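Listed in order, the protein sequences are those of chains A and B.
Under my numbering, the first residue of the first sequence carries the number 120, and numbering increases by one thereafter.
Under my numbering, the first residue of the second sequence carries the number 8, and numbering increases by one thereafter.
If you are wondering where the hints come from, they were derived from the structure by calculation, not from laboratory data.
Among these hints, one or two may not hold up.
[What the hints assert, rightly or not] Derived DSS-like pairs (lysine-lysine); straight-line CA-CA distance at most 30 Å:
| # | chain 1 | residue 1 | chain 2 | residue 2 |
| --- | --- | --- | --- | --- |
| 1 | B | K140 | A | K307 |
| 2 | B | K111 | A | K307 |
| 3 | A | K307 | B | K115 |
| 4 | B | K27 | B | K81 |
| 5 | A | K307 | B | K81 |
| 6 | A | K307 | B | K161 |
| 7 | B | K255 | B | K330 |
[Claimed, not checked] Pairwise CB distance ranges (calculated):
| # | chain 1 | residue 1 | chain 2 | residue 2 | range |
| --- | --- | --- | --- | --- | --- |
| 8 | A | L228 | B | E189 | 28 to 34 Å |
| 9 | B | A22 | A | L233 | 27 to 33 Å |
| 10 | A | V235 | B | G338 | 33 to 39 Å |
| 11 | B | G338 | A | G234 | 54 to 60 Å |
| 12 | B | R132 | A | Y151 | 57 to 63 Å |
| 13 | B | R132 | A | W302 | 29 to 35 Å |
[Unchecked claim] Partial list, computed: chain B residues near chain A (C-beta under 8 Å):
| # | residue |
| --- | --- |
| 14 | L59 |
| 15 | P79 |
| 16 | I84 |
| 17 | M86 |
| 18 | F88 |
| 19 | Y94 |
| 20 | P95 |
| 21 | E110 |
| 22 | H113 |
| 23 | A114 |
Quantities reported herein were computed from a predicted structural model and do not represent experimental measurements.
Every residue gets a Cβ at the ideal spot worked out from N, C-alpha and C, and that includes glycine.
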Amino acid sequence: MGATFDLWKITKTTLFYALVVVIVVVSVFPFYYAILTSFKQGTDIFRITYWPVSFSLENYQSVLSQGSFPRNLLNSIFIASVTVILALFLAVTAAFALSRVRFRGRGFLLMVILGVSMFPQIAVLSGLFELIRALGIYNTPWALVFSYTIFTLPFTVWVLTTFMRDLPIEIEEAAIVDGASPWVIITKVFMPLMWPALVTTGLLAFIGAWNEFLFALTFTSSNDTRTVPVAIALLSGGSQYEIPWGIIMAASVIVTVPLVALVLIFQRKIVSGLTAGGVKG
Amino acid sequence: MASIELRNIRKAFGAVEVIKGVDLEVRKGEFMVFVGPSGCGKSTLLRLISGLEDITSGEMLFDGKVVNALAPSKRGIAMVFQSYALYPHMTVYENMAFGLTLEKGHAKEEIQQRVERAADMLQIRQYLDRLPKQLSGGQRQRVAIGRAITRDPKVFLFDEPLSNLDAALRVATRIEIAKLHESMDHVTMIYVTHDQVEAMTLADRICVLRDGLVEQVGTPMELYENPNSVFVAGFIGSPKMNFISGDKAKAYNAETVGIRGEHITIVPDGGKWSGTVIHTENLGADSYVYLEMGTEEPVVVRLDGANDYKSGDTVHIAPMEDKIHRFDGAGKPIR
Numbered sequence: 120m121g122a123t124f125d126l127w128k129i130t131k132t133t134l135f136y137a138l139v140v141v142i143v144v145v146s147v148f149p150f151y152y153a154i155l156t157s158f159k160q161g162t163d164i165f166r167i168t169y170w171p172v173s174f175s176l177e178n179y180q181s182v183l184s185q186g187s188f189p190r191n192l193l194n195s196i197f198i199a200s201v202t203v204i205l206a207l208f209l210a211v212t213a214a215f216a217l218s219r220v221r222f223r224g225r226g227f228l229l230m231v232i233l234g235v236s237m238f239p240q241i242a243v244l245s246g247l248f249e250l251i252r253a254l255g256i257y258n259t260p261w262a263l264v265f266s267y268t269i270f271t272l273p274f275t276v277w278v279l280t281t282f283m284r285d286l287p288i289e290i291e292e293a294a295i296v297d298g299a300s301p302w303v304i305i306t307k308v309f310m311p312l313m314w315p316a317l318v319t320t321g322l323l324a325f326i327g328a329w330n331e332f333l334f335a336l337t338f339t340s341s342n343d344t345r346t347v348p349v350a351i352a353l354l355s356g357g358s359q360y361e362i363p364w365g366i367i368m369a370a371s372v373i374v375t376v377p378l379v380a381l382v383l384i385f386q387r388k389i390v391s392g393l394t395a396g397g398v399k400g
Numbered sequence: 008m009a010s011i012e013l014r015n016i017r018k019a020f021g022a023v024e025v026i027k028g029v030d031l032e033v034r035k036g037e038f039m040v041f042v043g044p045s046g047c048g049k050s051t052l053l054r055l056i057s058g059l060e061d062i063t064s065g066e067m068l069f070d071g072k073v074v075n076a077l078a079p080s081k082r083g084i085a086m087v088f089q090s091y092a093l094y095p096h097m098t099v100y101e102n103m104a105f106g107l108t109l110e111k112g113h114a115k116e117e118i119q120q121r122v123e124r125a126a127d128m129l130q131i132r133q134y135l136d137r138l139p140k141q142l143s144g145g146q147r148q149r150v151a152i153g154r155a156i157t158r159d160p161k162v163f164l165f166d167e168p169l170s171n172l173d174a175a176l177r178v179a180t181r182i183e184i185a186k187l188h189e190s191m192d193h194v195t196m197i198y199v200t201h202d203q204v205e206a207m208t209l210a211d212r213i214c215v216l217r218d219g220l221v222e223q224v225g226t227p228m229e230l231y232e233n234p235n236s237v238f239v240a241g242f243i244g245s246p247k248m249n250f251i252s253g254d255k256a257k258a259y260n261a262e263t264v265g266i267r268g269e270h271i272t273i274v275p276d277g278g279k280w281s282g283t284v285i286h287t288e289n290l291g292a293d294s295y296v297y298l299e300m301g302t303e304e305p306v307v308v309r310l311d312g313a314n315d316y317k318s319g320d321t322v323h324i325a326p327m328e329d330k331i332h333r334f335d336g337a338g339k340p341i342r
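Just chain B, same shape as in the assembly (with noise of 0.2 Å):
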């Protein structure tokens, strides 16, 4: 159980700087995600709190104890990475054990004991005694969770361990992270993705991470629902939030309002807004319509059920005038 501040966190590669004074607090036991389009600085700022990476300025506080010059393996981390780096040498059993016959003071049957647990959790005890080129993908990526877990750490880190996997097995092991969570409540866990989705289903707070600071920190729904920044809106939320500006943002005393599909509606005439379909998209469950109306982007209407419009109709459409975010000239919500 471990609490991890960062105060202003710094880091340049060279002349380039990466992170540009990140101020954050992870809480005991919190499901912390890091998200971001790639080449926000998620990656390095999880590296910096492993220990892999060196502050160039700023300070790190695991428990309020400043650890920036600690060594990973005495911050009592565990890493999970995407490309699983497993010891392709060592069977499955030998390199959950790597670590702990590393350290000083295990006996061998306390060391398989943890082992055995370990791949009970993740179901691969009957993996032990093979190779990592004898398994499919997502049974190393359990094995490389199974290798974490065995450490018993203080925290968990996760970076993007589901982007090698296919899209199915990627939902089925984001479930098992998320009892993963559950089943260790007391262990603190950083996860690092550049897919919302990911970030929306598993985090209890979000970061949200733009070229080297904080945009803004919150529970899934605190972005949803109050994004703080055209950039966040933007970003959280599948499809994406509708951005209309011009005269029909002015009428709302904005430069820009967002809105997103599913809190437009369709009506037969007389609705605030009007355009052309230009695509439709049938997903069963629910469908999308993308309209041209002037914007930069073709505004997406999400509907209940399937749909039946055709490309060339011209439709009338009616925002739930609640849920419509204003934004000034800055990016900023105004509220």
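Pulled out of the complex, with its shape left as it was, chain A reads as follows (with noise of 0.2 Å):
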């Protein structure tokens, strides 16, 4: 008996890990690709390999070297950075309209809120360019920071309100009795209070805001005003008839690093916020 029944456990544990493996495999594979890509060089890349064969940074040294590459980096660092601070200003202060103080349709404002943000992009295009043209910042980053807040705002407004709700209501009148302005409550109380979910909500906008693709391309015109992930698309080899993959996977590499950096240093915060807000601690 004792015999099966470990042949049956040894079953249960070797196929849990075959799903894990497979897992592992199927999410990670195509950055392992692209890393891999990156390093190769020449007619090398067309040559299918698993693992690293050669290895060669004349890949990064070109994308870094030509055209407008690091301009664009730079553009993307900052739209992105911008994107984050603006929208958790705006996010922070709506969200202490909406979780403390009471007005009428305050319900039915939230709802609108969530309904904006069940719009596709495509159908909001035409409008929001119309718009970025009348304000006078079409191809300047601000059209960029103003397009990716707004989208990014709904989720970040939900998030910081639930938080916000669940806050104790008596912590917030002993900083009245204190003689705390709401501004003060807000930035002093609440904020540090708030940590793990403005690192979450913070972290998500800003790979929202650089990874965008589509406003990006729409709303920009030149090399200087583009963001990454366009001019990784635009990204022209020699002829009309090459596409330069090398180049292509490495610029992709650089760009994946600052958000896996990002990730990897709030990791633990990004656990705990995704989590509080459920459960009272």
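Dock chain to chain to rebuild the complex, using the hints, since each chain is given by itself in its own frame.
Following this line, the structure appears as structure tokens:
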């Protein structure tokens, strides 16, 4: 009896880890192959290998030296950072009002905010384009900051509102008795308690702005104002018929590294941020 | 130091009126306890005094000045909350100093002095660098009280500060609050509780509330000896006053008579009333005998020391005639 039981246990363990391996391979393989390709050179790229056979940094050198890629990278960093700061500032203040100030139509407003985020980007593209032209910010970083903030705000506001609603009301009242203004309550009392939520939503907003393609393609027209996703898509080789895979892969790896670094730095905060709000600590 | 006057104060949440016209005067330096069953509006009344809730109608005066529209921080009050409401991310020191740092015109040294003085009063000086989560419930409540002391308020408000503590700690903290009141006799204190023992032991005067109205205001002994209604008579005192109606009350020309357990003696025979023992409780110093004698709730007799009555025994009892409270059909006393 004991032997068959052990056999069943071993099978179960084996199946479990087999499944884990499959999932890991499927999710990691595309990235692995991109990194692998980025270190290849010349015609090596078109030979399919699954292990590193040659190593060269030439692709990285050429992507960083040619054209306006470094400039595009700076654009991306600037736009994503400003979007995060702006979105968090607006969302924290909005969340305070939506969670703590009683006013008529609060529930309706929350539903509208959620409803706005359901429109696909393409549906609002032409309207947004008109708006950006009218504001005179076409082909500037502000066009992207503006549009990304619009698209990231509903989610950010919702998460922060639910999080803030769970903060004990007595803490706010104690601060009121202590003579704190709403601004002091937000910055000195609530924000320190909301770090996990701020980091989580901020990071998601950053990733969203960093990877966005459609708006970036539409609202910019010159090499110097583009962000990296568009720049990568528009990388061209020596002739019209040549696609510079090596350089594209190198650029992709460069673009991914900051995100991975950010996620690793804030990893623990993200986990607690995603669970917080659901259950009261 | 402040006297507080409430003039026909009303508070409604939407269509629901919670405070239905309260007139009350709290004297300077007095320890006033608001007591009543849950939902009677005692906490709401405290929040109206603090300024955390707006008054629907009526006038609130601090030292003769109307403060209806004054923000909590401008009223010179400090509040201790049931859930402590400490700032979780600040150390004990920062918690206590927060109010002072927000007020303009306090030098760093002055703030430190005031925090340390309050910490010494409450013996929490060694915890000043800790975070609230590193403290026990009793220590947290002390920090909350310390935070209030640091602000040097004219009026000290307590909203059921002992409800979250266990029984032993509750008694210890109760004594400390009483001492605090003695050492800060210039500060007016208002204390909300549903526990009549806390009310009796702490209060200079008690205000019994019921359904958003003041039922009676007076010193603990006034309420105990001369309750103004059946409600107050039943609420103040433990165990509850016994109420007897029907023919036994008719004999006293009343609709209901009330008699406290300690004012009934058990006599060998020939007592005024008799009943069957249904339960006994021995507490060592005193004991309670529960008698079934046709009343709504069993009649409780308090005896000194232990007793050996058994369930089913028939006993004769005699109330002390001068301690009997007579009430009319409206629940008002007949004097």
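Ascending list of hint numbers which this structure does not respect: Numbers 8, 10, 22, 23, in rising order.
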